[in-house]
Amino acid sequence: MIIPSAMRLQRILKRHLRSVCAFLMLLISGSLMSAERPDARVSLADRSVAETLLRLPDFNLRGRPDLIEKLDRYLRANQGTTRYFQLVRQFKLKDRSNELLAIVLSRPGTTPGTWAAETLVQFDKRELLEQTTRHADTDRAVAAVRGLASVGDADTQAYFVETLKKGVLPVETLNAIATALSDQPEGEQFLAEWVASGNLPPQLAFTVGNLLHSSEIAAHRKIATRHLPRPKTSGGNPLPPLKDLVGRSGDPEHGRTLFFSKAQCAGCHQVDREGKQIGPDLTEIGSKLSKEVLYTSILDPSAAISHNYENHEVVTVDGKIEKGILLSRDTTGTTLKDAEGIVRSFSHAEIESFRKLPLSLMPDGIEKKLTVRELIDLVQFLASLKNSR
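Take the sequence shown: its letters are residues 72 to 460, numbered as in the working numbering.
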């Protein structure tokens, strides 16, 4: 046996000692890291439980609060993912219905939003979606409509038809329902027959007309042409269908000129602090609304009235009628700002009646002042107004 020299032995011990020290330091640092970030370890454990449960479709979670707790943490951390929906459906976690509804409302028109709506229907929770379509907050209501539309079954179609016929919801919600119906052959057929019967409510004419003018079915286009002719521009030419307008590009610089002149938009709206502050500030409107919504807001202003800019009416005891945006209504009285920017206040003793009006303070018929090209340029300018940050 060869005995190493003292110097060589010292080098070997020193080398191994360094390895041992490094190993100990790794253990210590790992412990410290786990202590500082406990979620990192829990997350790994929760993920393992979730992945295992996915392979056990017949596993019964009852009586296993430890697994339920880990699964709950995993689902909260992975809300809206494929794994989330697989687990929620596999174990029929109906207690997460409100969570599913929140996904529908926050992510309409997306895969997670569609899956969440489908899961609610599978859980016999359709009523949650239907109730939300009747919500006073039209943003929530429209998101719920889009969620139900993504399910697209016969029950949804029947609910939409019944709701449209009643016509008691805000026009923005009703227009969303009409749009959803048009995506299905039976739904579009109903809209065409409704128009042909002459019973279509006037407030739906713009949206339904555009839907039928863009139809692939010639008979439906013919009905639209006969009963809902397209509005004409200042040049006397009919407006193209909304879908065609959205697909065209314009000149934003010319659109800016129109905004502050011929279109008279600056009489009620501000852009970069220019214009009157009566309606919503449009400085960053391109970051908030699509071109389709911009066109609808201009051509059918009562279809999508911005929150806090609804038109109200005060009738005084001596018969005077005042209309405008509601600035305040409290124990001292009611204050409105009219279309000219004039603020008027009324005490409760002066008011005979007060109500919110279905029509926007913004006048319709702007397309009569502009050519098709000018309208496209105006919308292109508005679409270019984006958040600069």
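Honestly, the hints are just simulated from the structure, not real lab data. Be a bit skeptical, because a hint or two may be false.
30 angstroms max Cα-Cα, derived DSS-like pairs, lysine-lysine [said to hold, decoys possible]:
{"no.": "1", "residue 1": "Lys236", "residue 2": "Lys333"}
{"no.": "2", "residue 1": "Lys347", "residue 2": "Lys236"}
{"no.": "3", "residue 1": "Lys408", "residue 2": "Lys394"}
{"no.": "4", "residue 1": "Lys293", "residue 2": "Lys314"}
{"no.": "5", "residue 1": "Lys439", "residue 2": "Lys427"}
{"no.": "6", "residue 1": "Lys293", "residue 2": "Lys359"}
{"no.": "7", "residue 1": "Lys314", "residue 2": "Lys237"}
{"no.": "8", "residue 1": "Lys141", "residue 2": "Lys293"}
{"no.": "9", "residue 1": "Lys237", "residue 2": "Lys333"}
{"no.": "10", "residue 1": "Lys314", "residue 2": "Lys391"}
{"no.": "11", "residue 1": "Lys440", "residue 2": "Lys427"}
{"no.": "12", "residue 1": "Lys196", "residue 2": "Lys293"}
{"no.": "13", "residue 1": "Lys391", "residue 2": "Lys303"}
{"no.": "14", "residue 1": "Lys303", "residue 2": "Lys333"}
{"no.": "15", "residue 1": "Lys408", "residue 2": "Lys391"}
{"no.": "16", "residue 1": "Lys457", "residue 2": "Lys359"}
{"no.": "17", "residue 1": "Lys347", "residue 2": "Lys237"}
{"no.": "18", "residue 1": "Lys196", "residue 2": "Lys141"}
{"no.": "19", "residue 1": "Lys314", "residue 2": "Lys303"}
{"no.": "20", "residue 1": "Lys347", "residue 2": "Lys303"}
Computed Cβ-Cβ distance ranges for the label pairs, DEER-style [stated by the list, open to error]:
{"no.": "21", "residue 1": "Ser268", "residue 2": "Val239", "range": "50 to 58 angstroms"}
{"no.": "22", "residue 1": "Arg292", "residue 2": "Arg135", "range": "54 to 62 angstroms"}
{"no.": "23", "residue 1": "Leu428", "residue 2": "Lys236", "range": "42 to 50 angstroms"}
{"no.": "24", "residue 1": "Arg292", "residue 2": "Leu127", "range": "19 to 27 angstroms"}
{"no.": "25", "residue 1": "Lys439", "residue 2": "Lys359", "range": "25 to 33 angstroms"}
{"no.": "26", "residue 1": "Tyr380", "residue 2": "Thr181", "range": "49 to 57 angstroms"}
Virtual Cβ for every residue (Gly too), placed ideally from N, Cα, C.
Results of checking the hints against the structure:
A C-alpha spacing of about 39 angstroms is found between Lys236 and Lys333, which places the hinted pair above 30 angstroms, so the restraint is violated. Of the pairs offered as hints, the one joining Lys347 and Lys236 is violated, with about 39 angstroms between alpha carbons and a cut-off of 30 angstroms exceeded. Restraint check: the Cα-Cα separation between Lys408 and Lys394 comes to about 8 angstroms, which is no more than 30 angstroms; the hinted pair holds. For the given pair, Lys293 sits about 17 angstroms from Lys314 by alpha-carbon distance, which is consistent with the 30 angstroms threshold.
Taken as a hint, the Lys439 and Lys427 pair is honoured in the structure, with Cα atoms around 27 angstroms apart against an allowance of 30 angstroms. At roughly 35 angstroms between alpha-carbon atoms, Lys293 and Lys359 are farther apart than 30 angstroms, so this suggested pair is violated. Annotation: proposed proximity of Lys314 to Lys237 holds, straight-line Cα distance about 28 angstroms (limit 30 angstroms). Proximity of Lys141 to Lys293 is assessed by CA-CA distance (about 60 angstroms); at most 30 angstroms being required, the pair is judged violated.
Taken as a hint, the Lys237 and Lys333 pair is broken in the structure, with Cα atoms around 39 angstroms apart against an allowance of 30 angstroms. Proposed proximity of Lys314 and Lys391 is contradicted: the alpha carbons are some 43 angstroms apart, above 30 angstroms. At most 30 angstroms may separate the alpha-carbon atoms for a hinted pair to count; Lys440 and Lys427 meet this at roughly 28 angstroms. Taken as a hint, the Lys196 and Lys293 pair is broken in the structure, with Cα atoms around 40 angstroms apart against an allowance of 30 angstroms.
Restraint check: the Cα-Cα separation between Lys391 and Lys303 comes to about 35 angstroms, which exceeds 30 angstroms; the hinted pair is violated. With a C-alpha separation of about 17 angstroms, the suggested pair Lys303 and Lys333 falls inside the 30 angstroms cut-off, and the hint holds. Note on Lys408 and Lys391: the hinted pairing holds, with a Cα-Cα distance of about 15 angstroms set against a maximum of 30 angstroms. Restraint check for Lys457 and Lys359: satisfied, since their Cα atoms lie roughly 8 angstroms apart, inside the 30 angstroms limit.
Using a Cα cut-off of 30 angstroms, the hinted pair Lys347 and Lys237 is violated, with the two alpha carbons roughly 38 angstroms apart. A C-alpha spacing of about 25 angstroms is found between Lys196 and Lys141, which places the hinted pair at or below 30 angstroms, so the restraint holds. A C-alpha spacing of about 16 angstroms is found between Lys314 and Lys303, which places the hinted pair at or below 30 angstroms, so the restraint holds. The suggested pairing of Lys347 with Lys303 holds, with an alpha-carbon distance near 28 angstroms, which does not exceed 30 angstroms.
Distance hint check: the CB atoms of Ser268 and Val239 are about 20 angstroms apart, inconsistent with the given range 50 to 58 angstroms. Between Arg292 and Arg135 the Cβ separation comes to about 60 angstroms, which falls inside the hinted range of 54 to 62 angstroms. Distance hint check for Leu428 and Lys236: the Cβ-Cβ separation is about 23 angstroms, which falls outside the suggested range of 42 to 50 angstroms. Take Arg292 and Leu127: their Cβ atoms lie about 55 angstroms apart, and the range 19 to 27 angstroms is violated.
Judged by the Cβ atoms, the range 25 to 33 angstroms given for Lys439 and Lys359 holds: they are separated by roughly 27 angstroms. At roughly 28 angstroms, the beta-carbon separation of Tyr380 and Thr181 lies outside the given 49 to 57 angstroms, and the hint is violated.
Violated hints for the displayed structure, listed by number in ascending order: 1, 2, 6, 8, 9, 10, 12, 13, 17, 21, 23, 24 and 26.
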